[in-house]
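> Below, each chain spelled out in residue letters.
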Amino acid sequence: MSRTETLQRILRSLQTESPDIEASALISDDGLMIASALPQHVEETRVAGMSATLLSLGNRAATELSLKTLQQVLIRGEDGYAVMVKASEGTMLLCLTTKNAKLGLIFLDVGRAADQIADVL
Amino acid sequence: MTIAYSMFERLKRLVSFDDSDVENLRSLAPAIMEIGPSLTDAFYSALASEPATAEVIDGRLEKLQKTHSQWLRELIAGDYGERYFTSRIRIGQVHVVHGIEPAFVEAVMSIIRTRAIKLLAEKFDGTADLAEKAASFIKICDLDMLLINMAYADERLERLSSFTGMKRTLIENIIRIPPDTEPARQAF
Chain A
39 MSRTETLQRI
49 LRSLQTESPD
59 IEASALISDD
69 GLMIASALPQ
79 HVEETRVAGM
89 SATLLSLGNR
99 AATELSLKTL
109 QQVLIRGEDG
119 YAVMVKASEG
129 TMLLCLTTKN
139 AKLGLIFLDV
149 GRAADQIADV
159 L
Chain B
10 MTIAYSMFER
20 LKRLVSFDDS
30 DVENLRSLAP
40 AIMEIGPSLT
50 DAFYSALASE
60 PATAEVIDGR
70 LEKLQKTHSQ
80 WLRELIAGDY
90 GERYFTSRIR
100 IGQVHVVHGI
110 EPAFVEAVMS
120 IIRTRAIKLL
130 AEKFDGTADL
140 AEKAASFIKI
150 CDLDMLLINM
160 AYADERLERL
170 SSFTGMKRTL
180 IENIIRIPPD
190 TEPARQAF
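If you're matching them up, the sequences are chains A and B in order.
In this text, residue positions in the first sequence follow our numbering: the first is 39, and each later residue adds one.
In this text, residue positions in the second sequence follow our numbering: the first is 10, and each later residue adds one.
Next up, chain A with everything else stripped away, as it sits in the complex:
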């Protein structure tokens, strides 16, 4: 199995095991898509660019505000959450959830998936 296939499998497993996670993507800190489990009609380029920008700003803000290392960036919208965490060096994992998602469980699953991705990369 290629690395790309392995990464795709990790993302698909994450969504299968956590039904509240509706979509996920692995993105480079250059804003490029590495692997994704997103609906077909989503503009991956834009999602990748926005996510990498947000995580970069989060990192910078955490430093500026003396919060030490950034753990995650969380966006809460009316229809759900976007969770962004660092995966391996230079990559980030984005997950989109339902509005009723149990965040504690989501953070746990996302963290595990990020560890698996780091092992692959």
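The set of hints was computed from the structure by calculation and includes no laboratory data.
C-beta: ideal position from N, C-alpha, C; glycine also.
Each hint should be verified, as a subset may be incorrect.
[As the list claims (entries may be wrong)] Here are a few chain A residues that face chain B, going by a calculated C-beta distance under 7 Å: (1) 68; (2) 69; (3) 83; (4) 84; (5) 91; (6) 95; (7) 128; (8) 150.
[As the list claims (entries may be wrong)] Restraint ranges, calculated between C-beta atoms of paired labels, are given here: (9) 20(B) with 138(A): 56 to 66 Å; (10) 126(A) with 28(B): 44 to 54 Å; (11) 141(A) with 119(B): 55 to 65 Å; (12) 178(B) with 42(A): 31 to 41 Å; (13) 100(A) with 61(B): 50 to 60 Å.
[What the hints assert, rightly or not] Taking lysine-lysine and the DSBU-like style, the derived pairs with C-alpha atoms no more than 35 Å apart in a straight line are: (14) 21(B) with 132(B); (15) 72(B) with 132(B); (16) 75(B) with 148(B); (17) 132(B) with 75(B); (18) 21(B) with 75(B); (19) 142(B) with 72(B); (20) 176(B) with 106(A); (21) 176(B) with 140(A); (22) 137(A) with 176(B).
Chain A is fixed; fit chain B onto it per the hints.
Quick look at chain B alone, frame taken from chain A:
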């Protein structure tokens, strides 16, 4: 700085700036130095007439005039290598520090070009190779402007990158994304 000296070499080739231009500019040196104070005066008079640039030069005119004279000397010194490149890049970076927009720099560079050509025409009245010398002078002014503008744009991106933590490649990648009014989240 992300602009490599090789870019300057490419730009010189692109505008056909060659040894004959270097020779022309060297030969212009005495004349340019003679008309230099007049060019410098015209340059700062124009800057003083525009509110956006007037405040930048306010109280610093004497120092800036010396810097301008130095710039003019380098322009016709005949050495257009790495040191020259670095000094022009530095000018672009300083313009960001002082908040001087490129359009104003372009405008006052136009004054230098046109006024110098006019004064040189008076000085070399009837000289056959004036057109060649003038072309070389315009080329080096244009090359300066290219470097200053590139350095200005580069310095702004560098500051944005430093402040936001966004890698330069990320900024370049998102600039390439076409604008879209549809929020990405609507797709879900």
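> Each hint needs a verdict: does it hold in this structure or not?
Quick rundown of the hints versus the structure:
1. 68: 4 Å, holds
2. 69: 4 Å, holds
3. 83: 6 Å, holds
4. 84: 5 Å, holds
5. 91: 6 Å, holds
6. 95: 5 Å, holds
7. 128: Check failed: Cβ of residue 128(A) comes no nearer than 9 Å to chain B, outside 7 Å.
8. 150: 23 Å, violated
9. 20(B) with 138(A): 56 to 66 Å: 58 Å, holds
10. 126(A) with 28(B): 44 to 54 Å: This hint holds: roughly 52 Å between Cβ atoms.
11. 141(A) with 119(B): 55 to 65 Å: Given about 60 Å between the Cβ atoms, the range holds.
12. 178(B) with 42(A): 31 to 41 Å: 21 Å, violated
13. 100(A) with 61(B): 50 to 60 Å: 37 Å, violated
14. 21(B) with 132(B): 28 Å, holds
15. 72(B) with 132(B): 29 Å, holds
16. 75(B) with 148(B): Holds, at about 23 Å.
17. 132(B) with 75(B): The given pair, whose Cα atoms are some 24 Å apart, holds under the 35 Å limit.
18. 21(B) with 75(B): Holds: residue 21(B) and residue 75(B) sit about 27 Å apart, inside 35 Å.
19. 142(B) with 72(B): 30 Å, holds
20. 176(B) with 106(A): 20 Å, holds
21. 176(B) with 140(A): Distance of about 33 Å is within 35 Å: holds.
22. 137(A) with 176(B): 32 Å, holds
Figure legend: structure checked against the earlier numbered hints; hints not met, in rising order: 7, 8, 12, 13.
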